[in-house]
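*Asks:* So you can see what is in the structure, the chains are spelled out below.
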Amino acid sequence: MKVVHYINQFFAGIGGEEKADIQPEMRDGVVGPGMAFNAGLKPDAEIVATIICGDSYFNENIDQAKATILEMVKQHDPDLFIAGPAFNAGRYGVAAGTIAAAVQQELGIPAITGMYVENPGADMFKKDVIMVSTRDSAAGMRDAVAKMIPLAKKMLAGEEIGSPEDEGYMARGIRKNVFLEDRGSKRAVDMLVKKLAGEDYETEFAMPEFDRVEPSPAIKDITKAKIALVTSGGIVPKGNPDRIESSSASKYGKYDLSAWDDLTADNAETAHGGYDPVYANQDADRVLPLDVLRQMEKDGKIGELHKYWYSTTGNGTAVASAKAFAKEIGEELVADGVDAVILTST
Amino acid sequence: MRLELGKILINDVQFGQTTKVENGTLYVNADEIKQLVKADERIKSVEVELARPGESIRITPVKDVIEPRVKLEGGGVFPGVISKVDTVGSGKTNVLKGAAVVTTGRIVGFQEGIIDMTGPGADYTPFSQLQSVVLVMDVQDDIAQHDHEYVLRIAGLKVAEYLGEAGREVTPDEVEVFETLPLLDSVAQYPDLPKVAYVQMLQSQGLLHDTYVYGVDAKKIIPTIIYPTEIMDGAIISGNCVSACDKNTTYHHQNNPVVHDLLAQHGKTLNFVGVIITNENVYLADKIRSSDWTAKLAEYISLDGVIISQEGFGNPDTDLIMNTKKIEQKGIKTVIITDEYAGRDGASQSLADADPLANAVVTGGNANEVIELPKLDKIIGDISVVDRIAGGFDGSLRQDGTILVELQTITGATNELGFNKLSAKTE
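So the sequences go chain by chain: A and B. With the working numbering, letter number 292 in the first sequence gets 292, and the count goes up by one each step, no holes. If you want the working numbering, it's the position in the second sequence, counting the first as 1, plus 1000.
Simulated from the structure, these hints should not be mistaken for lab results. Certain hints may be false.
What the hints assert, rightly or not - Away from chain A, derived, C-beta distances all over 12 Å, residues of chain B:
| id | residue |
| --- | --- |
| 1 | Leu1005 |
| 2 | Leu1009 |
| 3 | Lys1038 |
| 4 | Arg1042 |
| 5 | Pro1053 |
| 6 | Gly1076 |
| 7 | Gly1080 |
| 8 | Asp1173 |
| 9 | Val1175 |
| 10 | Leu1183 |
| 11 | Ile1222 |
| 12 | Lys1268 |
| 13 | Lys1287 |
| 14 | Lys1375 |
| 15 | Asp1377 |
| 16 | Gly1395 |
What the hints assert, rightly or not - Straight-line distance between alpha carbons at most 25 Å, and here's what the computed DMTMM-like set of lysine to aspartate or glutamate pairs gives:
| id | chain 1 | residue 1 | chain 2 | residue 2 |
| --- | --- | --- | --- | --- |
| 17 | A | Lys195 | B | Glu1299 |
| 18 | B | Lys1421 | A | Glu214 |
| 19 | A | Lys153 | A | Asp143 |
| 20 | A | Lys327 | B | Asp1394 |
| 21 | A | Lys147 | B | Glu1427 |
| 22 | A | Lys127 | B | Asp1345 |
| 23 | B | Lys1325 | A | Asp291 |
| 24 | A | Lys323 | B | Asp1353 |
| 25 | A | Lys195 | B | Asp1355 |
| 26 | A | Lys238 | B | Asp1382 |
| 27 | B | Lys1330 | A | Glu202 |
| 28 | B | Lys1425 | B | Asp1345 |
| 29 | A | Lys251 | A | Asp285 |
| 30 | A | Lys307 | A | Asp261 |
| 31 | A | Lys66 | A | Asp143 |
| 32 | A | Lys224 | A | Asp291 |
| 33 | A | Lys323 | A | Asp339 |
| 34 | A | Lys238 | A | Asp266 |
| 35 | B | Lys1296 | B | Asp1353 |
| 36 | A | Lys176 | B | Asp1345 |
| 37 | B | Lys1268 | A | Asp200 |
| 38 | A | Lys226 | A | Asp261 |
| 39 | B | Lys1268 | A | Asp182 |
| 40 | B | Lys1425 | A | Glu209 |
Please read these numbers as outputs of a predicted model, since none were measured by experiment. C-beta: ideal position from N, C-alpha, C; glycine also.
Taking the hints into account, I'd like the entire structure generated from these sequences.
*Replies:* Printed below as a string of C-alpha cells:
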C-alpha cells in the first residue's frame, strides 16, 4: 500500500527560517523522518513520495499551497497520508493540520498527523483528523513515530480506531455514546458519595464555555426601520412545505408574507415538536406576530415589514446547525437592507 | 414510612379466558380489557396485542408504559387519578414484575416513541425486556387534543389497575422492604453520614409534556418534599412522551432508579432523608420561583448533598442549571443527571445552558446519535408517524421497511433518571 508524507523545509534538510518561503515540491520515496515511518510500516506499506513545503509559504498562500499539494497527492492516489509530526512549530503545525484535513475531506484519503498539544494547529484540527500528541521538540521524534505507526497501520487496514485514551490520539471533542457497566443512577450516587467525601471524581460531561452575544445598539428611528421576523418556533405555511423537522432541524425555511396581514389556522401552523402546538396552530401570530407588525406598519410606527420571514425549529437542534442557519439568514437580511430583526423563540 | 413491595415475577404473557397469573404467566382476557377501555365513549376502537421480549415487533407511537400493581394495604393504585387520593408509600403492594401495559394509537402531533422488541433498537429501551400488553386505541374524530391525551392516559392506567388485580391473591416470589424515617429521626439514626436528598424535576411544559402528582398537574405545584416510597408506590404518573428518549413513562416513576440506588446506600455511605419534587414550567417567573424553593428546601432540611434529575432538554436545561447553581451556592454538593443533544455528528454543544458549578454530571447519552433499525415482522400502532416524530426526519421511513432515526425516537433511550447504562464520552 502507498503512503505520501508531508514535511516542512527544516525536516527536509533544506534550511531553517531563511528557507521557509520555498514552494511545494514533491520527491520520490522518503526524506528525513520518513525513514523512521517506512521502517515501521514495512512490509505492508511504504512511503512512495514526500511533499515538502516552506512553512511561511504555506501559511501566507494557504489556498494556493493547498491546491498544489492536493494535486500532488492525487497523482499517487495513496492509501494513507502522513503529515509531520510538527512538535511545537506553530506554522508547521497549522500547515500539517490544514493539509491533512484537506486530503481527508477533499480526496477521501485517511490522514494522520502529530504535534505538541499547545501547537495552535492542534486546537484547529484535532477534531478533523487523527492527531497524535507529541513532545514539544524534535527530540521526541522516536516517541512520536512509535505512537503514529500503530494508528497508521490500523487506518491502512481499514480497522476501526478506538477511543483517544486507548489509541493515544488527541480527543476530537466529539461526543460518542457508550454503554457503561453501571446504570446512570448508580453512577450518580457513586459520584455524589465521592464528591461529599472530597475525593476525586470524573464528571461525564464537562460544562462548556458559552458564547454570549452582545445586544446591538438601539435603532435610532424605528419609524424608518425595516423590520424582519425570524423564529425558532417553527411557524411555517400550512402543510409545512419544506418538511422542517419537528426536532433536530436540518434546515430552515424562508417564506413570503407580503400577501398576508394575519396568520390563521388556515394559512399557518407550527412544525415544532417541543411545545404544546395547540395555541400556535389556532393562531400562529402568537409565535410570529405578523398581525401586530402589519398594523404598526400601517400606523407608521415602524418603517416597513420585510417581505420574508425565516423559520426553523429550535427543538433539539444542534447549536452548530443553528449557527450555520443564522449566518446564512443574517447575510441575506443584511443584503436586503433589513435594519432590525424580531427573533421569537418558544 | 415503610413499604413492602411484593414481586410476582412474570416471564410470559398469553391470552386466556380469565385474567390471572399462574406459574409466572400473565393470562389476559382481551374482551374484558376492551370493555373497560370502551367504557369511555370517546374511545372509538381498541385492540389488545401482546408483545414479548425477542419477538420481531415494533411498537409505535408509544404513549406510556405502566407497570401493573395492586395495593393490598395502604391506599390504592395511582392515587388521585384512579384510586382515592389517600397517601401511598406505606403498607403492601404487589407488583407484576416483568409485565407492562403499553399504550399506542394515532396520537396528537409529532409525538411519541418507538419500542423494538428485538434487534439493535431493543438494546436502547428497557421496555424491550417486558411482557407487554399493548393497547391500540383510536378516539372519536372531533375530540380536542388535550382530551385525546387525557383519554389515552387514563385508559392505560385503568388497564394496569385491572391487570394488577390478578396479583392480589398471588404469593410474591420476593418481598423487598423500604423505609424512610421522619427527617429528625433519620438524622438521629445516622448522625455521622452526609444528609442526602433527591431533587426530581418533573416535566411540566404543556400538552404531552405533563406530569401528575396525586392527580395534581405538576405545573401547578410549588416544590415540596415527599417520601421516597411514595414515588415507588404510584404517587407520580406520566402525561408526556414527546422526544420519547428522555421523558419518564409512568413505569420509570414507579421504578425510579435514583430512589432505589440512594436507598441501597442509605445507612452505609449516606443518609437518604427524602425527595424534593419540582417542576419545569415555561414561564421565567415560574422557573425562578421553583428553583428558589428547591434550594430553600434543601437548605431548610440541612442537606449536605443532592442528586438532581432532569426530564427533557432545551428549555428545562435552564431549570436544571438554575437548580444546580442555587443549591451549590447554599454550600450543598450536587450531582446532576441529564442527557445531550450534541448533533448527529456529536460535535455540537450538548446543553442549552451551562454553569461551572455544574461540575458533577452523569449523562444518559447523545440523543441526536443516529441509529438504523431493521425491518421487523410486525408493527403494532402506526408506522407512518416515523417521518414526523421528534427525532425522525423526512426519509426516516425507507421503502424496504428499515428506518433511520435519532435515538431521540426510542422510548426511554437516554433517560435522565439514570435508568440505563448508556453514557457518552468525548473522543
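*Asks:* For each hint, tell me whether it holds in the structure or not.
*Replies:* Tested hints:
{"no.": "1", "hint": "Leu1005", "verdict": "holds, 17 Å"}
{"no.": "2", "hint": "Leu1009", "verdict": "holds, 20 Å"}
{"no.": "3", "hint": "Lys1038", "verdict": "holds, 26 Å"}
{"no.": "4", "hint": "Arg1042", "verdict": "holds, 17 Å"}
{"no.": "5", "hint": "Pro1053", "verdict": "holds, 18 Å"}
{"no.": "6", "hint": "Gly1076", "verdict": "holds, 27 Å"}
{"no.": "7", "hint": "Gly1080", "verdict": "holds, 23 Å"}
{"no.": "8", "hint": "Asp1173", "verdict": "holds, 22 Å"}
{"no.": "9", "hint": "Val1175", "verdict": "holds, 22 Å"}
{"no.": "10", "hint": "Leu1183", "verdict": "holds, 18 Å"}
{"no.": "11", "hint": "Ile1222", "verdict": "holds, 22 Å"}
{"no.": "12", "hint": "Lys1268", "verdict": "violated, 9 Å"}
{"no.": "13", "hint": "Lys1287", "verdict": "holds, 14 Å"}
{"no.": "14", "hint": "Lys1375", "verdict": "holds, 23 Å"}
{"no.": "15", "hint": "Asp1377", "verdict": "holds, 26 Å"}
{"no.": "16", "hint": "Gly1395", "verdict": "violated, 9 Å"}
{"no.": "17", "hint": "A:Lys195 x B:Glu1299", "verdict": "holds, 18 Å"}
{"no.": "18", "hint": "B:Lys1421 x A:Glu214", "verdict": "violated, 40 Å"}
{"no.": "19", "hint": "A:Lys153 x A:Asp143", "verdict": "holds, 16 Å"}
{"no.": "20", "hint": "A:Lys327 x B:Asp1394", "verdict": "holds, 24 Å"}
{"no.": "21", "hint": "A:Lys147 x B:Glu1427", "verdict": "holds, 17 Å"}
{"no.": "22", "hint": "A:Lys127 x B:Asp1345", "verdict": "holds, 11 Å"}
{"no.": "23", "hint": "B:Lys1325 x A:Asp291", "verdict": "violated, 40 Å"}
{"no.": "24", "hint": "A:Lys323 x B:Asp1353", "verdict": "holds, 16 Å"}
{"no.": "25", "hint": "A:Lys195 x B:Asp1355", "verdict": "holds, 17 Å"}
{"no.": "26", "hint": "A:Lys238 x B:Asp1382", "verdict": "holds, 23 Å"}
{"no.": "27", "hint": "B:Lys1330 x A:Glu202", "verdict": "holds, 22 Å"}
{"no.": "28", "hint": "B:Lys1425 x B:Asp1345", "verdict": "holds, 13 Å"}
{"no.": "29", "hint": "A:Lys251 x A:Asp285", "verdict": "holds, 22 Å"}
{"no.": "30", "hint": "A:Lys307 x A:Asp261", "verdict": "holds, 11 Å"}
{"no.": "31", "hint": "A:Lys66 x A:Asp143", "verdict": "violated, 28 Å"}
{"no.": "32", "hint": "A:Lys224 x A:Asp291", "verdict": "holds, 19 Å"}
{"no.": "33", "hint": "A:Lys323 x A:Asp339", "verdict": "holds, 20 Å"}
{"no.": "34", "hint": "A:Lys238 x A:Asp266", "verdict": "holds, 7 Å"}
{"no.": "35", "hint": "B:Lys1296 x B:Asp1353", "verdict": "holds, 22 Å"}
{"no.": "36", "hint": "A:Lys176 x B:Asp1345", "verdict": "holds, 8 Å"}
{"no.": "37", "hint": "B:Lys1268 x A:Asp200", "verdict": "holds, 20 Å"}
{"no.": "38", "hint": "A:Lys226 x A:Asp261", "verdict": "holds, 16 Å"}
{"no.": "39", "hint": "B:Lys1268 x A:Asp182", "verdict": "holds, 19 Å"}
{"no.": "40", "hint": "B:Lys1425 x A:Glu209", "verdict": "holds, 18 Å"}
This entry does not satisfy hints 12, 16, 18, 23, 31, going by the numbered hints stated previously.
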